[in-house]
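Kindly generate the complete structure, drawing on both the sequences and the hints.
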Amino acid sequence: MIWRVEIKQKSGLLDSAGQAVLKDIADLGIKTVSKVCVVAVYLLEGNVSREEAKRICEELLVDSIVEEYAFTLSASKQSQDHHIIEIAYNPGVMDPVEASTIKGIRDLGVLGIEAVRTAKQYHLYGVLGEKDIEQITSRVLMNKLIQHAIKSQAQSIPTTLMLAAAPKTKFDVVVVELLKATDKDLIRLSSQGQLYLNLNEMKAIQAHFKKEGRNPTDIELETVAQTWSEHCNHKTFRGIIRYREGKKGKAKIIRSLFKTTIAKVTYDLKKKWCVSVFHDNAGVIAFDKDFHVCFKVETHNHPSALEPFGGANTGLGGVIRDTLGTGLAAKPLANTDVFCFAPPTTPEGDIPTGALHPKRVMKGVVSGVRDYGNKMGIPTVNGAILFDPHFIGNPLVFCGNVGLIPVGKEKKKVQKGDLIVAVGGKTGRDGIHGATFSSGELTSESETVSSGAVQIGNPIEEKKVLDALLKARDKNLYTALTDCGAGGFSSAVGEMGLETGARVDLDKAPLKYQGLNYTEIWISESQERMVLSVSPSKIDELLQLFAVENVEAVVLGEFTGSGRLQLYFQGHQVCDLDMHFLHDGLPKITKEALYLAPTLKADKLFNEKDLTNDLCDALSHFNVASKESVIRVYDHEVQGTSVIKPLVGIHTDGPSDAAVISPRLGFKRGVAISNGINIRFGMIDPLWMAASCIDEAIRQIIAVGGTLDRIALLDNFCWGNPDKEDRLGSLVRCAQGCYQAAKAFGTPFISGKDSLYNEYAHKGKSLAIPGTILISAIGIVEDTSKVVTMDLKKPGNSIYAVGSTFDELGGSIYLANKDQLGQNVPVVRYKTAMKTYQAIEKAVKSGLITSMHDISEGGIAVALAEMAFAGALGVTAMTKDVPYQGKRRREDVILFSESNSRFLVEVDPRREKAFKATLKGVAHAKVGIVEATPELIVYGLKDQVIMNSNIFDLKTIWQAPLK
Amino acid sequence: MIKIPKVLVLRTAGTNCNEETAFAFSYFGAVVDQVHINELVSGQKNLKDYHILALPGGFSYGDDIASGRILANELRLKLGADLQTFMADGKLILGICNGFQILVKAGILPGLGSNEGTGLPAGRQGLPAGRQEATLFHNDSAKFEARWVNLSVAQHTPCVWTKNMDTQIYLPVAHGEGKFIPKDSVILDTLKKQGQIVFHYCTSNGMVPSYPDNPNGSTEHIAGICDPTGRVLGLMPHPERHFLNHQHPFWTRLDKKDKLGEGARIFENGINYVKDHL
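Protein chains in written order, with the working numbering: chain A, 1 to 963; chain B, 1 to 278.
Hint data in this document are derived by calculation from the structure and do not stem from the laboratory.
Among the hints, a few may not be true.
Claimed, not checked - Quick list of simulated restraints, FRET-style, between CB atoms: (1) 254(B) with 10(A): 40 to 50 Å; (2) 219(B) with 34(A): 51 to 61 Å; (3) 205(B) with 664(A): 44 to 54 Å; (4) 190(B) with 476(A): 48 to 58 Å.
Said to hold, decoys possible - Which chain B residues stay away from chain A? Per the calculated CB distances, all over 12 Å, these: (5) 31; (6) 48; (7) 160; (8) 208; (9) 240; (10) 245; (11) 269; (12) 272.
Where a beta carbon is used, it is the ideal one built from N, C-alpha and C, also for glycine.
What follows is the structure, given as structure tokens:
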């Protein structure tokens, strides 16, 4: 039977959850709700007596100090003075608290419990129409992809909580007619099966099976589609491209964009400290004599567009598994997250059908990251949030993770005869077709067609896997491992068994519920699963170890040595594929790429006498504004490793540059982590966007005291449909920028990722995101006791501008605030930049720098203001003293240009001489003084006052937009 | 013979501050084992072999149902007798953040022994009462809060963990459910009378705080309490995260030469107590 329990807060207590919902409702524009109360609902199914149900409530579900409960037969009746809306998870969607609640009930000795589901009831007080209720339900309380509102008595207590098991019928192997298929049939097969393969690829499969003399089974076709998907195979980066610059430009054939740009940097540079690059789940570099560090950043854009919480949640969960699956497993140390959304102020009417409002997307994404990162006990130390109207149908969500791996554990090799062991979560229907889904464009129907691709993570499951895995690693209990990401077992086993071949009994996989067919088990993307290869001699010890940690571990099959992928279900063979064909059979196709430089208007500047308002506008631009409200919901200090936190300064609210952690408690060696991203530069020239992002990521690490020759990079390309020549053209140009800049700085790429097809089909038009590259950097910090933060420290100290400013307002925040893009995108002058960075590095090592901030969005003006209010100290600065090399000698250009490779540096007068000597040959000049009075005063070229404001007012303006 | 204090740092699914908590104790010479609760329940490891039980921060069982609830029940139901003996032997317990939530929800803190009508044997002072006398509930902000707070440290308290501490210390909090609510005013008054309220949130100059100086809306700004014996301490802020000086959020501004931060004394006191008394 089913017990239904409703738990509400005792009266007289603040209902903080209710208040939060009330605020969201008011944000929708519905102001007639006066109060919201939230009631928790549990449905308990099984052989449970009334006495037992009472005990479950009183000892487990209800906190008697603050809550009271009642058994109810159905959802509470609507009453006169308020409306009740009850939201439950859709059948098949994982209820995040089910597993632990069942454990808690069994701990009480109630063993008859079989299933638990939860729901939330919202009691809304106030006058509301049907339409208001519909709006509140769909826009605040639930996401229909995973939840529904309870409408009837039958729904509020269903007859069973368990998913109906499929009737046991004799199962048939489905054979797909491919040999006789016409081209038209092939295209139809691909689209109906959500395979996202083109005709050429379908024909290659057809040809292969003609040679085999038989038709493929459905699971064979699916396996090939997964392996060949853009997501898993990176066809664009590894394929052939015919690239032209300008309509009449000479065509250049690029054999592999990856090998000729990103990978070429690394192979050209041959850095000894690069331990493992590109081929593993994350890139690995040397840290100290005992450990290496690894770093990986991934995107989860499409799932986050549909279900922001689940998308970001599983995005972070996935990249953490990349760390776990690197070498023989690394320990996750830190997360970094970068998001791109449409502005939160976007009017509701501008939202395309099927898309969610950016405010809701942002809230869900931030909560998803908070949930997973905090519960895994991994600090989120660094990140960025950017806003641009182009992201309205397709937000970008980048999740990164840094790990620590003992020297000697960086390599893995599956041995013939090893057992295939699945560990972690059970397999369900979640995420079916995730890999292929992300290899196509979103449409307004995506939310219904692909809802199987949407899932919610279970961070505690992954934490258990992490704990067990690191113990097993240290006891050498397995020979190789990888995570189940896109493509599920199909990709994991396929990848690991590439050289040996594999045999898998699909019925052995632990299932969340019965009724999955063999293909679903094979390609499901259920979260929190890893695959290990284990020698038969170690299997008992391994299974025992996982049992102590309450982690399910099951032998699925064997890495055989046959060179074939053989799958069985209920004793029947359902798949017998040649591994060689699976991994190398993808036909190379040539894609066309055309880069046309955009036609842009020159900026139009005004002659303002006072630039204080422009400074305020820059500080309150969403990209520049404080992200404190987001940072404070992330645990950024767990593990105790933080040296420079995301917020620094005397009131712990200043924006730090790179994050610094010291991974080994009690040791001085550290790791700096930073990100460079700038969408508007890319709208002018993707090449200089890439170079600028690399410069920015490096410059932030230099700004905290990193070392230039120990910085490694990751690339993450998010682009539109690469089958369209203009999209691919700008992508090629961006990759060329990556090569040029990384090579010049001597900073190798160690890993990366691309997410293509970021387009949103709406009313027949295809809305592409602006091609965006994220450069993430990791640097080794030799001595964390010498790091530098950005907050001004002492009145009387001098402020230096280091590095020349140019007339480069193109893509700047200053122009954005004037609704212009401009033309003069900042370029990078590599030789000068290198010299600057090396000199700064030396100055930090010699202890000559008191504080330092990199100059980026908002230029010198914003950097100066941020340093001032972070230190709660004033500044006086002279525009005319800034090293400047532009033709237009204007205050606005000098103060707001976003030229690369620059810093503002605070120097104690006693160290000024040594500082100047160290910076010999590098453009630098004293431009100001730190003041005890809390005013920011900037003088113009004719020594007139052009900015004058109280720094605390500036801080308030900077904090307000995203508070 | 010099006694080497032994510390058990308890782990389960979702525990995540165990490493840094272990580091803090071992810094002062303790032998620290990080033990999964299954190892205690199965008898592979035994509480009686240790002097200090530390419940670190984290999200045991995901904070599902309510923070700390499921592990609190496990302690009470599966290890209750061992815990009673452990406390009766005069040994120490420290619960940080999730650990504090667990101690309160297991009825070990405040440990006033008001178990009338529970059907459990009459509790001795400081032993599990089997019934909650207080709770730690959702922050008033309805949000997870990661921020630094000032704490005033009680001067008249039986607490053995805070001996010779400065009157005010600076530690980080990181929690969504840290609002301390006593069951009723009798319990609150008893806590005050017995000096069991060890830490109060305060402003940077020691004054009565409002949000965010009190990050969760805790009753009378209570941040940490001990049991009547002073040997069991629970607190929401994380002393193990201000164990080293460079963990301070603006250490680059300070002229401190100390290697250790303001939370270190708690661990040192625990270890010294074991050396002196056990």
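Here is what the structure says about each hint:
The supplied range of 40 to 50 Å is met by residue 254(B) and residue 10(A), whose beta-carbon atoms lie about 45 Å from each other. Taken as a hint, the range 51 to 61 Å is violated for the pair residue 219(B) and residue 34(A), whose Cβ atoms sit roughly 26 Å apart. Remark: the range hint 44 to 54 Å for residue 205(B) to residue 664(A) is contradicted by a beta-carbon distance near 36 Å. Residue 190(B) and residue 476(A) have their C-beta atoms about 54 Å apart, which keeps the hinted 48 to 58 Å range intact.
A cut-off of 12 Å between C-beta atoms confirms that residue 31(B) is not in contact with chain A; the least separation is 17 Å. At roughly 21 Å from the closest C-beta of chain A, the C-beta of residue 48(B) stays outside 12 Å, upholding its exclusion from the interface. At the 12 Å boundary, the C-beta of residue 160(B) stays outside the reach of chain A, the nearest C-beta of that chain being 24 Å off. No beta-carbon of chain A is positioned within 12 Å of the beta-carbon of residue 208(B); the least distance is around 19 Å.
For residue 240(B), the condition that its CB be more than 12 Å from all CB atoms of chain A is violated, with the nearest at approximately 6 Å. The non-interface label for residue 245(B) is inconsistent with chain A: the shortest C-beta to C-beta separation is roughly 9 Å, within 12 Å. The Cβ of residue 269(B) lies farther than 12 Å from every Cβ of chain A, with a closest approach of about 19 Å, so its non-interface assignment holds. Residue-level check passed: residue 272(B) sits 20 Å from the nearest beta carbon of chain A, beyond 12 Å.
The earlier numbered hints that this structure contradicts are 2, 3, 9 and 10.
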